[in-house]
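Novice: Start from the sequences and build out the full structure, keeping to the hints where you can.
Sequences listed follow chains E and R, in order. Take the working numbering: the last position of the first sequence gets the number 195, and nothing is skipped along the way. Take the working numbering: the last position of the second sequence gets the number 195, and nothing is skipped along the way.
Worth flagging that the hints you see were computed from the coordinates, not collected in a lab. Take these hints with a grain of salt, some might be off.
Any copy will do: because identical chains look the same in the list, a pair fits if it lies in one copy or spans two.
[What the hints assert, rightly or not] Think about it this way: if two alpha-carbon atoms lie no more than 25 Å apart in a straight line, the pair counts; the simulated SDA-like pairs of lysine to any residue are:
1. 192 <-> 67
2. 162 <-> 55
3. 192 <-> 29
4. 121 <-> 195
5. 17 <-> 57
6. 28 <-> 99
7. 121 <-> 79
8. 17 <-> 183
9. 162 <-> 60
10. 149 <-> 69
11. 162 <-> 52
12. 153 <-> 52
13. 162 <-> 63
14. 28 <-> 64
15. 17 <-> 67
16. 153 <-> 60
17. 17 <-> 194
18. 28 <-> 193
19. 162 <-> 56
20. 17 <-> 187
21. 17 <-> 114
22. 106 <-> -2
23. 106 <-> 23
24. 192 <-> 60
25. 106 <-> 179
Predicted, not measured: the structure shown is a model, and the values here were computed from it.
Chain by chain, the residues run as shown.
Protein chains: 2
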Amino acid sequence: MPAPIDFYFDFSSPYGYLASRKIDAIAAAHGRKVAWRPILLGVAFKATGGAPLPSIPIKGVYAMRDFLRSARFHGIPYRQPTTFPVSTISAVRAFYWLQDRDPAKAVELAKALYNAYFTEDLDISKPENVAQVAARFGVNAQELAAALGDAAVKERTKTEVDAAVTKGVFGSPYIVVDGEPFWGMDRLEQVERWLAKGPF
Amino acid sequence: MPAPIDFYFDFSSPYGYLASRKIDAIAAAHGRKVAWRPILLGVAFKATGGAPLPSIPIKGVYAMRDFLRSARFHGIPYRQPTTFPVSTISAVRAFYWLQDRDPAKAVELAKALYNAYFTEDLDISKPENVAQVAARFGVNAQELAAALGDAAVKERTKTEVDAAVTKGVFGSPYIVVDGEPFWGMDRLEQVERWLAKGPF
Chain E
-4 MPAPIDFYFD
6 FSSPYGYLAS
16 RKIDAIAAAH
26 GRKVAWRPIL
36 LGVAFKATGG
46 APLPSIPIKG
56 VYAMRDFLRS
66 ARFHGIPYRQ
76 PTTFPVSTIS
86 AVRAFYWLQD
96 RDPAKAVELA
106 KALYNAYFTE
116 DLDISKPENV
126 AQVAARFGVN
136 AQELAAALGD
146 AAVKERTKTE
156 VDAAVTKGVF
166 GSPYIVVDGE
176 PFWGMDRLEQ
186 VERWLAKGPF
Chain R
-4 MPAPIDFYFD
6 FSSPYGYLAS
16 RKIDAIAAAH
26 GRKVAWRPIL
36 LGVAFKATGG
46 APLPSIPIKG
56 VYAMRDFLRS
66 ARFHGIPYRQ
76 PTTFPVSTIS
86 AVRAFYWLQD
96 RDPAKAVELA
106 KALYNAYFTE
116 DLDISKPENV
126 AQVAARFGVN
136 AQELAAALGD
146 AAVKERTKTE
156 VDAAVTKGVF
166 GSPYIVVDGE
176 PFWGMDRLEQ
186 VERWLAKGPF
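Specialist: Shown next as structure tokens:
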């Protein structure tokens, strides 16, 4: 079986969320698995001088409109979170902690966190909300809460995020197929072509 | 007949160029005309704090790769210009000067300038190259050269560019259909849907 697709994303990224609803099906259609890799866009922005879209004059106003319209275009449920963007460090730590215990469940958690933030308007910057989402499918909330403050989990998270930025990940979603990078929800079509027919 | 589509673009913008190869056909398929509106992205960047893609660390390297790959994906000829990006003030002035004399020819000039820059590697920042391209279809090169230094032409250009920025144009291409803004080559699919079925 060919190598999995790397799917880098920030839990606070609308386009990352939209892509998260499609990436598994796209990969599966071509016999691929997806390696879900949450990152912290704020760390990447330090390398590129980037800033969260809503903070950018004029472009930010457009972006807020485009999030909603793009969700409708793709037929994906979307509710603009009241607090946006948010820090997602707890969400990312929870993911990597769980990945070391149950990789499949970690992916389930990633999807559940995205859905909670972008369809239920649950503020996933709060550790207790991350724990609440995880508890929905049997993760021990107390264990998770403890893990979020654990030095090893913090270090693991930092290592993963730094490795992504070192590899050139600067946005969300950022997808790598056999070494070829694709940035943005808008590049899913090119990802599909690449998977189907190889380099173009 | 419904109102024309506003097609804002910068002559130095690869994604603007790619969109320029498709926008007329998309509009025509839905009984629309296109109002070609060259702008100066540098002026828009002053309002948003934006910067040319190649100047952005990491993201710039990705963008150079994406220009070429996206051109191949869409089957559009593309040659990365040696000098990039360039000032396009002469190109924009030539366009608006010609528009006041022969609107159809001005659109022809816009397409020819884009093709010259992105397929022939002709540096369209040079007034003599702009004149050379215009001369290919019968524009008097001497008249054009004189117009580029004309105060009224400069003022007309400034007015057009400022009006675009005031309307919220912050990138290239930037397409407005019946008041709805779409930013980026990536949004042509949404433009098509909007034209075909109205608001979504």
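Novice: Each hint: holds or not?
Specialist: Hint check:
no. : hint        : in the structure
1   : 192 <-> 67  : between (29 Å within a copy, 13 Å between copies)
2   : 162 <-> 55  : between (27 Å within a copy, 14 Å between copies)
3   : 192 <-> 29  : within (18 Å within a copy, 35 Å between copies)
4   : 121 <-> 195 : neither (43 Å within a copy, 33 Å between copies)
5   : 17 <-> 57   : both (24 Å within a copy, 23 Å between copies)
6   : 28 <-> 99   : within (12 Å within a copy, 51 Å between copies)
7   : 121 <-> 79  : within (13 Å within a copy, 45 Å between copies)
8   : 17 <-> 183  : both (9 Å within a copy, 20 Å between copies)
9   : 162 <-> 60  : between (31 Å within a copy, 15 Å between copies)
10  : 149 <-> 69  : neither (35 Å within a copy, 43 Å between copies)
11  : 162 <-> 52  : between (29 Å within a copy, 13 Å between copies)
12  : 153 <-> 52  : between (31 Å within a copy, 21 Å between copies)
13  : 162 <-> 63  : between (30 Å within a copy, 21 Å between copies)
14  : 28 <-> 64   : between (29 Å within a copy, 24 Å between copies)
15  : 17 <-> 67   : both (14 Å within a copy, 24 Å between copies)
16  : 153 <-> 60  : neither (33 Å within a copy, 28 Å between copies)
17  : 17 <-> 194  : both (21 Å within a copy, 24 Å between copies)
18  : 28 <-> 193  : within (16 Å within a copy, 37 Å between copies)
19  : 162 <-> 56  : between (31 Å within a copy, 12 Å between copies)
20  : 17 <-> 187  : both (11 Å within a copy, 22 Å between copies)
21  : 17 <-> 114  : within (16 Å within a copy, 35 Å between copies)
22  : 106 <-> -2  : within (22 Å within a copy, 42 Å between copies)
23  : 106 <-> 23  : within (16 Å within a copy, 41 Å between copies)
24  : 192 <-> 60  : between (34 Å within a copy, 19 Å between copies)
25  : 106 <-> 179 : within (18 Å within a copy, 28 Å between copies)
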